[in-house]
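Kindly produce the complete structure, drawing on both the sequences and the hints.
Protein sequences appear in the order of chains A and B. Letter by letter, the first sequence follows residues 1 to 534 in full-length UniProt numbering. Letter by letter, the second sequence follows residues 1 to 168 in full-length UniProt numbering.
No lab work stands behind these hints, which were simulated from the structure alone. One or more of the hints may lead you astray.
Stated by the list, open to error - Okay, derived cross-link-like pairs now, DSS-like style, lysine-lysine, Cα gap no bigger than 25 Å in a straight line:
| # | chain 1 | residue 1 | chain 2 | residue 2 |
| --- | --- | --- | --- | --- |
| 1 | B | K65 | B | K103 |
| 2 | B | K137 | B | K152 |
| 3 | B | K5 | B | K103 |
| 4 | A | K401 | B | K137 |
| 5 | A | K401 | B | K65 |
| 6 | B | K65 | B | K34 |
| 7 | A | K412 | A | K288 |
| 8 | B | K65 | B | K9 |
| 9 | B | K103 | B | K133 |
| 10 | B | K156 | B | K144 |
| 11 | A | K401 | B | K9 |
| 12 | B | K103 | A | K401 |
| 13 | B | K34 | B | K5 |
| 14 | B | K137 | B | K156 |
| 15 | A | K401 | B | K5 |
| 16 | A | K288 | A | K401 |
| 17 | A | K288 | A | K142 |
| 18 | B | K65 | A | K412 |
Unchecked claim - Residues of chain A placed beyond 12 Å of chain B at every Cβ, according to the derived structure:
| # | residue |
| --- | --- |
| 19 | S54 |
| 20 | D90 |
| 21 | I173 |
| 22 | S200 |
| 23 | G275 |
| 24 | H379 |
| 25 | S394 |
| 26 | P406 |
Even glycine gets a Cβ: it sits at the ideal position worked out from N, Cα and C.
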Amino acid sequence: MSMIVDEIYNVVLLFSNPSWTGEGTVPSTLIRNITALSLGYSSRIHENVTVLNSKYSSVTNGVIQGLLYVPDLEDNDPCTEALAPYLPDDVVHQWNLPPTNYNLIAFAPWVNAQCTRALLASARADPLRAFIFYQPSNSTAKPPSADSDAWDLNDEGRWKTQTHFPVFAVSGIYGQELMEQLGLYSGNLSEVPYGLNISSLYDADPDDYVRIWTQITCSEESTLPNIWVFFLIVIGVLVAVIFSTSLLMHFLQARRRVSLRRRVQQGEINLEGMGIKRLTVPGAAIEKFPLFTYNYESESETVPTSPTSPTSPRQARTEASRRPESFATPSSPLPISEKGLHSPFASSTVATGYQPMCAICLEPYQNRVTIIRELPCGHIFHPDCIDEFLSVCSSLCPLCKACMLPRGYCPKVTNSMVRRERAIRRLRDRVEMEDDVGSRPRKGRMHSWGSNLKKIMLKANNDPENSSTSIGLQPQPHTFSLGSPDIRRQSESVRHSRALARQRMRELAGSELDEEDHQLSTWQQMRRKVFPGF
Amino acid sequence: MASQKRIQKELAECTKSPPQGMTIALASESNLHKWHVTLQGPPNSPYAGGTFGLVVSLPVEYPFKAPTVTFSTRIYHPNVTNDSQGSICLGALKAENWKPASKLLGVLEAVRGLLVEPMPDDPLEARIADEYKNDRKEFEKNAKAYVARYAKGAPKYEEPTAAGEAKS
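Below is the structure:
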């Protein structure tokens, strides 16, 4: 830490001379700032000040002030002559100052080492607060730094430790100007500039002093960067980290969206069936589902309750479609899946059996009268009922919950959909893993590897004598508290637990299908925007 | 309206052959969307001897949207909230499980089934579910105490009616 000078400020003050009040009176200190009335010299400098010595300064952080003067030298000192060319004839010396013990600031040119030593020695005897030097020149530049050879007094720097006041250096041109002013403000009121104005204004005694008063404002220069700079750096780094993380997450999330979109388009994922997003079928796609006239052949009534025999169609259709390319003849036992838009409906699921009424309005169909619409899964409904349902409510068949979205169709994939899908997939993996570990433990799945590892560690901790037994054979404790499994109905309980787990998946993956981020607080929404994958 | 027709059909079906121990009536003749169901506690359950009120609210979008079924009589059960709301946790009634092909008859059967065999693994009242799993005697004692206290005499339907109205 070192001292720096923020400002040197010189003003002219009027000191009442205590001697004129008479013998024995207490020296009064009536001080007026002449500069404030622009009747005197003043100057301020903020830069180009070198601190030569900051040791023993009682004020490291604040203002050093005092009356400016030039220290006296011994009469026979050769330096008196050496300095004479730089000093005005009537420059302020100690005897020109008010007799009261004011703080002083010495001021002198740095001519050579010998004279400076003499000046410093003289100054040490005075109530000095600081010493200001200047190198006589026309330079306006900052004087050389404190460790420069220019300030060498041939005593290996000892003068600095001996000097118990701070020493400063100002530029040559400023020093000369100040020295000139110091010459002007040395006499009594009749001699100083504006002396008559001052004396008439303040009704001052002719013996009053008008002198230059110097204030040096100092502060400590920390080797650490400024605290604000430090804060800015920290904040900047934080912002950069957040920004890059956010960018990375956005990038990842975009890739996940693309991947989810691809899987939805390929029909691998049924968004609504998984409870990720409520969807509706576009009107054009609904129109593409074929329309037929309901035709229930009487001879098939003999076997109305065997829905699995695909060869005896209980329900034949006459073409009533506006679309000629859907060709189903009344006698054709054509498996419906061939006309279906989605391949997942194998012929076994298409065996829809006897459908005497619309499942939506429960109205029975009238043979050869009612127009019905058939979905790719084989279920039939009134066009009015099913069109409204698919376009307003859901994209799933009301009966079998198969997805009715056209192949390659994908709604806008949002981040929250990606989030839910991932959550569900993770949970499903976990459930599968548990089922795996429960039934066939040593299947070497990637997922069970981690849990086995955990178990090994647990075993090592809890159960050292049992550690040699096979690790995977113990049933995994269920993560979902599914209750104690009953051995008598184990298969049922497994199915039950799986259904429960699926249900729980939905609950965990996201509360309701329709409401997405609306119930989140502003802060959470913001966080999700910035860190979408979080 | 298709929805009105369907509700009428279902109502006719339910009143003609109601699930065991149930009687079904409209809350008011003019409003098909609110049903009041009286349920006799199944004999092989701790709720035997009690008479429970159920309020079925059908939304305007019915059958596209699921109905809501609530107990208007307090009941001590893992899957029914133990308050004046009497909300029931029934898988078939959840928004993502509901399909228009589901029928109210089936829903009511499911409610009755829930009384015979609660599902403590998917509880609304975790404490009661724990009790059901771990201390069946205590559970039955409590359930019977609730029946004796709340489920004797003709059921009342007031409180949940307001809640159901707000929902539909």
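Each hint, compared with the structure:
no. : hint            : verdict
1   : K65/B / K103/B  : 12 Å, holds
2   : K137/B / K152/B : 22 Å, holds
3   : K5/B / K103/B   : 14 Å, holds
4   : K401/A / K137/B : 41 Å, violated
5   : K401/A / K65/B  : 15 Å, holds
6   : K65/B / K34/B   : 15 Å, holds
7   : K412/A / K288/A : 22 Å, holds
8   : K65/B / K9/B    : 17 Å, holds
9   : K103/B / K133/B : 31 Å, violated
10  : K156/B / K144/B : 19 Å, holds
11  : K401/A / K9/B   : 23 Å, holds
12  : K103/B / K401/A : 15 Å, holds
13  : K34/B / K5/B    : 15 Å, holds
14  : K137/B / K156/B : 29 Å, violated
15  : K401/A / K5/B   : 24 Å, holds
16  : K288/A / K401/A : 19 Å, holds
17  : K288/A / K142/A : 89 Å, violated
18  : K65/B / K412/A  : 24 Å, holds
19  : S54             : 73 Å, holds
20  : D90             : 100 Å, holds
21  : I173            : 87 Å, holds
22  : S200            : 92 Å, holds
23  : G275            : 5 Å, violated
24  : H379            : 9 Å, violated
25  : S394            : 8 Å, violated
26  : P406            : 21 Å, holds
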